[in-house]
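Trainee: Its first residue numbered 1, the sequence shown is counted upward by one per residue in our numbering.
Think of the hints as simulated: they come from the structure by calculation, not from any bench. Glycine included, each C-beta is placed from N, C-alpha and C at the ideal position. Possibly wrong hints are sitting among the right ones.
When the alpha-carbon atoms are kept at most 20 Å apart in a straight line, the in silico PhoX-like pairs for lysine-lysine are as follows [claimed, not checked]: (1) K521 with K603; (2) K47 with K127; (3) K155 with K127; (4) K97 with K441; (5) K178 with K42; (6) K617 with K604; (7) K287 with K238.
Label pairs and their in silico Cβ distance ranges [said to hold, decoys possible]: (8) E522 with D89: 31 to 37 Å; (9) V131 with R539: 56 to 62 Å; (10) V131 with W200: 18 to 24 Å; (11) T63 with S86: 39 to 45 Å; (12) G139 with G360: 32 to 38 Å; (13) V138 with T573: 54 to 60 Å; (14) D293 with A422: 39 to 45 Å; (15) D89 with N57: 19 to 25 Å; (16) G180 with K155: 43 to 49 Å; (17) G499 with N425: 31 to 37 Å; (18) G180 with K441: 38 to 44 Å.
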Amino acid sequence: MRIKKIVLVSILLSNFGWLSAQNTSYWQQHVDYKMDVTMDVKTYQYKGKQELMYTNNSPETLTRVFYHLYPNAFSPGSEMDARIQSIKDPDARMVHKATVNGVETKQSRIKDLKPNEIGFLHIANFKQDGVAATAKEVGTILEVTLAKPLLPGAKTIFTLDFEGQVPVQIRRSGRNNKEGVELSMTQWYPKMAEFDFEGWHADPYIAREFHGVWGNFDVKITIDKAYVLGGSGYLQNKNSIGYGYQDAGVTVPVNKKAKTLTWHFYAPEVHDFTWAADKEYLHDVIKGPNNVDLHFLYKNNPKIIANWKALQPKTAKLMEIYNETVGNYPYKQYSVIQGGDGGMEYAMCTLILGEGTFEGLLGVTGHEMAHSWFQHVLASNESKHGWMDEGFTSFLEDYGLNAISDKPVENPFINAYKGYLAMANSGEEQPQSTHADRFDKNRWYSITSYSKGEVFLTQLIYLIGKDNLLKTLKKYYQDFQFKHPTPNDIKRSAERISGANLDWYLTDWTQTTNTIDYGVKEAKDAADKTVVTLERIGRMPMPIDLYVEYTDGTTESFYIPLRMMSFEKENPTPAIKRTVAKDWAWAYPTYELTIGKPKSAIKKITIDPSGLLADVKPANNILEVK
1 MRIKKIVLVS ILLSNFGWLS AQNTSYWQQH VDYKMDVTMD VKTYQYKGKQ ELMYTNNSPE
61 TLTRVFYHLY PNAFSPGSEM DARIQSIKDP DARMVHKATV NGVETKQSRI KDLKPNEIGF
121 LHIANFKQDG VAATAKEVGT ILEVTLAKPL LPGAKTIFTL DFEGQVPVQI RRSGRNNKEG
181 VELSMTQWYP KMAEFDFEGW HADPYIAREF HGVWGNFDVK ITIDKAYVLG GSGYLQNKNS
241 IGYGYQDAGV TVPVNKKAKT LTWHFYAPEV HDFTWAADKE YLHDVIKGPN NVDLHFLYKN
301 NPKIIANWKA LQPKTAKLME IYNETVGNYP YKQYSVIQGG DGGMEYAMCT LILGEGTFEG
361 LLGVTGHEMA HSWFQHVLAS NESKHGWMDE GFTSFLEDYG LNAISDKPVE NPFINAYKGY
421 LAMANSGEEQ PQSTHADRFD KNRWYSITSY SKGEVFLTQL IYLIGKDNLL KTLKKYYQDF
481 QFKHPTPNDI KRSAERISGA NLDWYLTDWT QTTNTIDYGV KEAKDAADKT VVTLERIGRM
541 PMPIDLYVEY TDGTTESFYI PLRMMSFEKE NPTPAIKRTV AKDWAWAYPT YELTIGKPKS
601 AIKKITIDPS GLLADVKPAN NILEVK
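Construct the entire structure; sequences and hints are all you get.
Mentor: Below is the structure:
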């Protein structure tokens, strides 16, 4: 295991060296965690010590640092509790129904937690290089005033003691979830906030997901020996732990007098560490692509075992497709673990509910594992650009599941379009650049991040072609892995691959609520030809793929380039004759196209029959010629 660890770290460090050689102005901070924690399974409280070596690779001198204390959100009066009570459509998992003055209402579950049910994480004895520093707990954030300034390029060691309580399962982290999994230990430890070229990202934990600093995690967890654990990293003492982790042929020694076991995990170059534990976990391991160990931990429930067994080869196949589509998964293990409150991605693992249908189990695994490429290798800031993770993950999920389906479809992304169009036509859409905590409704956050984020990529198929889109994904992953890319980075990857100018696309799609709406206005006879008038009704520009069906059964296509793209897309349907017309500049609201046949020879004129153009009023995209 140590050999594997050294090899992996060497590969990752060589990646960083290559990247820095290509982009010398880029920098990022680095953390090395050592944690030793003891869990009391009777009280669901834990205590631990943390040593963190922090490397300041920034050009700035730091006088303060910030940590996340996520469990503090699960306490009455927290910002998360307040948000549940104020948002128009609270997450169903976080509320219960109650009757108030004869009216049924949704009440925050956090609001009613008793002291032994809340979550908390408290810090004591904070020191910097052995000298006491001032640490102030502010909700879910720890503000630390350093004992001495941390200079550019310097390293320092922070040490602290922490104690926490695992909350009743409400959101992500928690105990005794609805399927009986005892411990879902996510976002559970004092976690250093990200500091980058934009400054500190010390967002309070209100509802959304996380952003973190890459580093190495060396974690020891002492817990009742009846519990089976799974999570991030590689188990270092597997041959003394057992439970399916031991090497083939090894007999694990049993100490009947010992009441606990200490599990020792090491996770290199990740920005998070998660674990889960239960006394009834079954543990299966299969080999995935590139010799990756795929672990599956699930309850010993006869009703679900067949589904979890069937899931395993499908997971391996999906990882293979994801590797081929984006790039290789860089670690040597991935764990699918029953736990949590739905499905949520973490470093080298996911926690998912496990009692649903096989299709549901496969779908959530396909989604959460796809996050490994986008959230855990690329790792954009989800608070600011959630669509870059959730949307791109949804694209990879739909692409992969369709590839392994017994009945693949031409457009597996159709549901993303339906979601986006419903929001765009609601009159309540907010720009994708809205901070994740600031959406008026959870529904709009979800559609903006998942559906509209997915359509950002699928619409690139319309703009630059499928081959270019797939090449873009690979270049994006190659150039920006372990670099926290921003929206401009995916746009520039697409531009470098295709040669198209796409700044207008990034701006309109992600920073405004401008919509696409083109229509076939009319078709008129002009001698033995037909003049078709198209109109741009929405604000957002697009090139146009126009298909004409003739009464004799033949078909012809016309491509109208968008002037500001300075680009001509390859014919997506080479079997159909295509004519490239003059370009259409955005400022002109209408456009005339001459077809070399009389109107009587035309049956139907259609803008984008592929359905990849996210036109918000598709009804006017078709003109049936009478």
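Trainee: So, for every hint listed, does it hold in this structure?
Mentor: Status of each hint after checking the structure:
no. : hint                       : result
1   : K521 with K603             : holds, 15 Å
2   : K47 with K127              : holds, 17 Å
3   : K155 with K127             : holds, 14 Å
4   : K97 with K441              : holds, 19 Å
5   : K178 with K42              : holds, 19 Å
6   : K617 with K604             : holds, 18 Å
7   : K287 with K238             : holds, 17 Å
8   : E522 with D89: 31 to 37 Å  : violated, 42 Å
9   : V131 with R539: 56 to 62 Å : holds, 58 Å
10  : V131 with W200: 18 to 24 Å : holds, 22 Å
11  : T63 with S86: 39 to 45 Å   : violated, 35 Å
12  : G139 with G360: 32 to 38 Å : holds, 35 Å
13  : V138 with T573: 54 to 60 Å : holds, 58 Å
14  : D293 with A422: 39 to 45 Å : holds, 41 Å
15  : D89 with N57: 19 to 25 Å   : violated, 41 Å
16  : G180 with K155: 43 to 49 Å : holds, 44 Å
17  : G499 with N425: 31 to 37 Å : holds, 34 Å
18  : G180 with K441: 38 to 44 Å : violated, 32 Å
Comparing the model with each numbered hint stated earlier shows that hints 8, 11, 15 and 18 do not hold.
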